[in-house]
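If you follow the hints, you should be able to join the two separate chains into one complex; please do so.
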Amino acid sequence: MSSVLITGCSSGFGLLTALEFARNGDRVFATMRNLDKAGPLKDAAAKENLQISLLKLDLLDESSIASAVDRAEADAGPIDVVVNNAAMELRSPIEDASEDEVRRQFETNVFGTLRVIRQVLPRMRDRRAGTIVNLSSIGGIVAAPYAGYYSATKHAVEAISEALHYEARPFGVRIVVIEPGAFPTEFGSNAFVAAKFNESSPYHANAQGFEKAFERMRAPDGVRQDPAVVARAIYAAVHDEAPKLRYTVGADAQMIAAVRKQLDFEGFEAAMRKTLDWWD
Amino acid sequence: MPDQISNAILITGCSTGIGRATAEHLASRGHTVYATARRLESIADLAAKDCKTLALDVTDEASMLAAVRVVEQAEGAVGVLVNNAGYAQDGPIEEVPLDAVRRQFETNVFGLVRLTQLVLPAMRAQKWGRVINVSSVGGKVVFPGGGFYHATKWAVEAISEAMRFELRPFGIDVAVIEPGAIQSSYEETSLGAMAGGGDGSPYAQFNRERAERVTAAYAGKIAGPEAVAKVIEHAATSKHPRTRYTVTAQARMVMSLRRILPDRAWDRFIGTQFKPPRVE
Chain A
1 MSSVLITGCS SGFGLLTALE FARNGDRVFA TMRNLDKAGP LKDAAAKENL
51 QISLLKLDLL DESSIASAVD RAEADAGPID VVVNNAAMEL RSPIEDASED
101 EVRRQFETNV FGTLRVIRQV LPRMRDRRAG TIVNLSSIGG IVAAPYAGYY
151 SATKHAVEAI SEALHYEARP FGVRIVVIEP GAFPTEFGSN AFVAAKFNES
201 SPYHANAQGF EKAFERMRAP DGVRQDPAVV ARAIYAAVHD EAPKLRYTVG
251 ADAQMIAAVR KQLDFEGFEA AMRKTLDWWD
Chain B
1 MPDQISNAIL ITGCSTGIGR ATAEHLASRG HTVYATARRL ESIADLAAKD
51 CKTLALDVTD EASMLAAVRV VEQAEGAVGV LVNNAGYAQD GPIEEVPLDA
101 VRRQFETNVF GLVRLTQLVL PAMRAQKWGR VINVSSVGGK VVFPGGGFYH
151 ATKWAVEAIS EAMRFELRPF GIDVAVIEPG AIQSSYEETS LGAMAGGGDG
201 SPYAQFNRER AERVTAAYAG KIAGPEAVAK VIEHAATSKH PRTRYTVTAQ
251 ARMVMSLRRI LPDRAWDRFI GTQFKPPRVE
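Residue numbers (this note's numbering), protein chains in the order written: chain A, 1 to 280; chain B, 1 to 280.
Calculated from the structure, these hints are not laboratory results.
Just so you know, not all the hints are guaranteed correct.
With a cut-off of at most 27 Å between alpha-carbon atoms, the simulated DSS-like pairs for lysine-lysine come out as follows [what the hints assert, rightly or not]: (1) A:212 / B:52; (2) B:52 / B:127; (3) B:239 / A:274.
Note that the structure is a prediction, hence the values are computed from the model and not measured.
Looking at chain B on its own, in the form it has when it is part of the complex (with noise of 0.2 Å):
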């Protein structure tokens, strides 16, 4: 094992969007970056971005496992850890299968925690660490028809804020990053695992409707996930990493305004942005 403090970087989720981005933008400042995703082949070019690249399934424990075994043999600990993995559950909480809301847990917040937990006796060792967790600004406010996503962001959130408290002592510090609608692949991954909603559902116009809402709101000109790759940069390097990060105006506004509006008014909002369930 090298002596020296290890500050190789691993992120989960790197086929598409943040995750790609991030891999791409670090190798190329010259840190030491192990790209990850389920299926190798689907990071296999990044490898000529001078990203090593490694195939990790937060749903799989002996994948896990290796690929943390992998980054550990050759670096010492896993320096940076940045779990981006996740997707959407879209669906009315009445109607998405338990099964679907189950896979929505495993995914976001299961094989979160399992794959922090490998990388931290390493990083304790060394006295020094980062945990870098993508949530959303979904993981403090909640839109209607995305309520397991957005729980699974919120136990992300509760995750990390105890974490910070707990890690603090052994040099780690934990970092969220909360970013905005950012083009990249969720809106066709919340899209494709919408569920509920079907023919005769009480939601099957609510669906149909915030489906369409989806679509247009990423039809618009929003950021790239490069812009999420630079705050997670900091993140990763900064001597003093913030918190939290929330990325994008449009993100930060939000915010602003669930922290300033009285619930009522906060309601009416969502009520302009989202149409609710019709009854006839």
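Only chain A is shown next, with the shape it has when bound in the complex (with noise of 0.2 Å):
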């Protein structure tokens, strides 16, 4: 049995790994800013019969961070996992954030993420075992239109999980990155549109094709993909005999990073505009 906190647990692929490790028998400790926004965790863990323990953590604030951190060890000994999935997104071309709204979307993402490494870190470097899972997306990978600052964050998330992944492991800790493509959550009520991105954005007709376009290629057939496959391959991917660092999850996802892979940049682009036959 291991301990697993996991981050941003109100809903959307944090609430289903919460379920996930639950299951499987492992102490879990799920967090989210709102304890609030408990209810859907709560009865869905009271429909299997799950313990889990709920606890306040706010990205934004290193104290609260702290005291979940040291809560989770005084109840039930060293986390052995922890999920970092909280989370927002920020629509908008790159023209229209704010600089209030492109830091907010980099405070959470990236050095919430930060700040959560910071704080489990060192006491799994301590005791030399301890697994760091960093949920990146397939946006970390490759960037779409009018989500270029979520991509940036999760494009940073890939290079400092990477780099942790050279310094952590000869101390025992291991990092898993985790890329999810589109799959349907309440993740949309973690998405905050720039207040410039309206009608009269010069950005907004083109936005609307990009999104038909974008639906089009992701379910062709209107089928969707079941997000629980994501809870299920991060419990898998902590458990992996072979670890690896980077695991790639749901069709759409590992179709373009295969296809980026291969092809060189002016390439894959080019696949990508033919694939989404929309340009200009």
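See the structure below:
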């Protein structure tokens, strides 16, 4: 049995991942910024008769991270696995985002994740054991228009994770990066649209065209991927006997990642344009 | 406002290295060049080499606004923006102070984005423009001990990729320049900004060895910044600029290795280049 702390558990991948580890008998500390939003997780856990401990954790507040980690370790001993899942998505062309909006995006996805890492890494390093899972995205490998800032934060998480992979491994700490494609989760509720990115934005018409093209590409038959796949992939990655750094999850993400690796940059872009059938 | 299309070039970070060489090269080829740097006196001599010089600090909104206004009043628009200003914050992920991490993002990411936002309206109005972002081979690969620098460059890659899709309909091309090791002040700046790994740190030896590795790499025979200047000229003036330019044979080799090698083989390659932290 492992002790597992997960951020952003009020919805989406975080909620599903908390359930997945609990189902496998692990001691789960599901954290979220606002415990008033724990209803869906509580209901789901009760339905399956799963024990999950809830803790408040705000990525923007160093002391709230420290106290959540302290509390979990006081209750269940050393934390074996941390899943950095909490994130936000800013929807905006690069030109339309305000300084504030850009900063909010990086504050949560990059600096917030870093704060959690720095809280648990010294403890894991001291014990020469532990696994840190960082949720990236296919957006951590390729960037989509109107989601450039989100992609930038996920690219940054990829780079930070890769450096950590080299730096922490000698101390017995393993880093895992999960790269999901597009899954229907309540993640939309963590998305915020730049104030200037409205009907009067010069980007508005093109963005609508892209949205339709993207939807066509990812769900040609209207079939959507099950987000529980990601939770299971996280559990499997943590227990992988042939551990890897990166796990790309979802048929769409695997296709895009493979194409990206095969083709040079001009080729990749041409392929994406063709697939999306959206250009100029 | 002049009614012809402006192709005036604005370059940031011209006091040394790539920025300086690019300003000199483009001016010598007859282009209208606005060379900028934080301290005007550091580029005073460029005025004698047919550059117009301006003070511009990418972490200072007023300074960016003033510089862009000067160019727009004289030329109608910034035709080509070369986002070159940047530096490398080295040090292990666990130990670089959060303030230093933030400063790294302020200059390399937020500053670049903000200046780009400021020039875009006039570029869009004239339906022609180029945004050239100086990234690094480190925007595609990660070396241990440089995670935060890589994170900012990975972020710039994502932002550039999103922008390319977003701006194409407005006649604006976006190119990314990815130099490998170039004789410039990078080495000094990077080692000057080395953080963490102090006495008693588990990364002390790791940091020392990385500093030696970087010093040795730059002591060898490496390309001068003129090689990058020529590539930037292509991106600025060619009818069909490429999306990415990798500069130096070594950088191209590293990029191909990254694409060809399976992840574990790549890890071993990195292991031959950088010694991991030592654990007693």
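Taking the hints in turn, this is what the structure says about them:
1. A:212 / B:52: violated, 46 Å
2. B:52 / B:127: Holds: residue 52 of chain B and residue 127 of chain B sit about 24 Å apart, inside 27 Å.
3. B:239 / A:274: holds, 22 Å
Comparing the model with each earlier hint shows a violation of hint 1 alone; every other hint is respected.
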